[in-house]
Amino acid sequence: MADKELFVQGNEACALGALAAGCTFFAGYPITPSTEIAEVMSRKLPEIGGHFIQMEDEIAAVGAIIGASWAGQKVVTATSGPGISLMQENIGYAVMTETPIVIINMQRGSPSTGQPTRSAQADMMQTRWGSHGDYETITLAPSSVQECFDYTIKAFNLAEKYRCPVFVMADEIVGHMREKITIPEKVEIIPRQMPEKTDNYLPFDAPENGTTPMPSFGQGYNIHVTGLTHDKRGYPSTDDEETHTQLVTRLCDKILKNTNEITSIETEFLDDAETIVLSYGIPSRSALTAVKQARQKGIKVGYIKLGVVWPFAEEELIELTKNAKRIIVPELNLGQIYLEVDRVLGKYAKVELLSKIGGALHTPTEILDKIMEE
Amino acid sequence: MIYINEDLCKGCFICVDCCPMDVYTPSKELNQKGVHLPIPEVDKCIKCQLCTLMCPDQVISIEDD
Amino acid sequence: MADHEHKFMKYLRKERLPHIFCPGCGDGIVLNTIFNAIEMSEVDFENISMVSGIGCSSRIPGYVKCDSLHTTHGRALAFATGLKTANPKQDVIVVTGDGDATSIGGNHLIHAARRNIDLTVICINNDIYGMTGGQISPTSPQGSYATTAPYGSTDKPFNIAEVAKAAGATYVAKYTTAQPIQVSQAIKAGLENKGFSFIEVVAQCPTYYGRKNKIRSPVEMIHWLKDNTISLEQAKDMTEEELEGKIITGVYINKPRKEFVEALEDISTKISDIDPDTNINRAYRSE
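Chains as they are written, first to last, in the numbering used here: chain A, 1 to 374; chain B, 375 to 439; chain C, 440 to 726.
Extracted from the complex, chain A is given alone in its bound form:
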């Protein structure tokens, strides 16, 4: 079988990416503008002996995928703003229990019910700390239909590698846009590792900054999985300061200390760039066009696109932008990742927000005008 070309929607591409990554279980709840993902999965999963369940709400959707993940399957759900709010409780549970799950969020205008059929990037902080407690997750931001496919596969692999929830944070535009994509003949898949069954088996005995192989229910490991602070056996240990400190620190560090392994950054024209447009997700499309137009005018401007937003590629960005005087952050919100960029790069360069809300994407001209402001 050779590579295959398809003309599909971003939502469909996410579903196809999940299937290519080995996903056999979807539980979800209908919500605009992500519903097509559920529709495709409901059609395709039974064809491969997988399972699709339309749950009673998004809380249940995440519960069900966590349950299925512990039964040894690769799992996904898809939603949008109001749904991601409901999911937060069990996202925290997946973090605490180190359960690999993938959540696709087709962001829409918000807060509350907001603009169901319009685009936004306003849930970006929610994927980081939307649930209660100190934790870190991995968040990818596709800007094209091809990236919907590619990043979803990557999300599954990262979820397995780091045993945590991984978010694919797209938006209404990418979700409903149709583009030609290439489905490669072979896709790299990271399989889960079954731990060795020893007499003194400790299911949560992971190295510092790392994870340990995850067993599956029904295989005789007799493990206990709890959202309570637990020791290496998995048993609740809620009053011990050291156990809690070690556990929560490791859960954060297994992401933060591996930031360079996890993140991916695309760059253009950085060599002599004095101004850099730093973006993620759909505004990157307008940003790249604007940067090219500015270059034609002889302006020394460069382009950075974050493929992975969380963990934030702090060190790499400091290195990449060390010669820049000005950084422009176009976002479909009133300034979310801008705050993080400013925190990290603000002491070296002037960081400026180019905000847009209401549902439409920045035009290249709007970004070009911002570049030309100085």
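Misleading hints may appear alongside valid ones.
[Unchecked claim] Derived EDC-like pairs (lysine to aspartate or glutamate); straight-line CA-CA distance at most 16 angstroms:
1. A/Lys300 / A/Asp369
2. C/Lys665 / B/Asp391
3. A/Lys44 / C/Asp712
4. A/Lys350 / A/Glu374
5. C/Lys453 / B/Glu380
6. C/Lys709 / A/Glu374
7. B/Lys402 / B/Glu415
8. C/Lys504 / A/Asp199
9. C/Lys446 / B/Asp438
By construction, these hints were calculated from the structure, which means they are not laboratory data. Quick caveat, the model's predicted, so the values are computed rather than measured.
We have chain A already, so just place chains B and C on it with the hints.
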């Protein structure tokens, strides 16, 4: 024989109450954990095992001699 | 001592005992009836997985030597739905409480029952929130006291067994901790029913319900349960007023119908040649 696991007993006296043969009486003295343990009169026991089902703390073992 | 342990000690994570339940708590009795039922049934203990939510009763799976998933408040049935569907070969027992199952988890309860997914749900109903210190619950009798009902509860309580039956559960029974044989038989029947089985066990909470409502000891509470228990048969001829505060016990429904995962997999076998069982543990495969 009737065996009482002193480490697990919390002294609720459900065994004392549920036994149809009145096998158990609470001890007069408290044990180290501050619990009045049930003292069985083995001869009265008909091995119906109701106490082993009703004991919330899995304290009692009734075995054939 | 090891030679003379309680007959169900072999099923317990012994290193975790004594468990956290207060003296005379009904949860420990239900724990016994679960093992009793497993021994009485065709089900193999090795094949059991347990799921629970949050609350005192939800701590039970943590003491059982099996794969156990202690989840978020009210959501146990959602997790169990995924766990069972992704590997239907396991016998999945869900342990929950009145607040967990019918308050915060009410939506999940009615939908799991509606789907008729093959789970055996044991709901330990002590009419109060124990873990948080004695607040009112959806099953607290009208007029009963709790820390959040200092003047007595004004709400009409759920009969959870009726709720589960109305929502579509195919096996529903209700007993009290004063009836451990009946509870064991009901759990056995639930384990053997291929579908959603719901066993409500009304249990004593001496620490909070008892203290707040002047039923001062575990033994007194068990007598209180006994005194208020009537059978479904007896209830038939009683008026609404006479039934107030009564615990109506018996088998509410035992009427099997098509099970959820089976129905899903029928579709798979109809439209493809793939046996859904081949996907069990597929996450561990590299292709």
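Hints broken by the structure, by number, lowest first? 6
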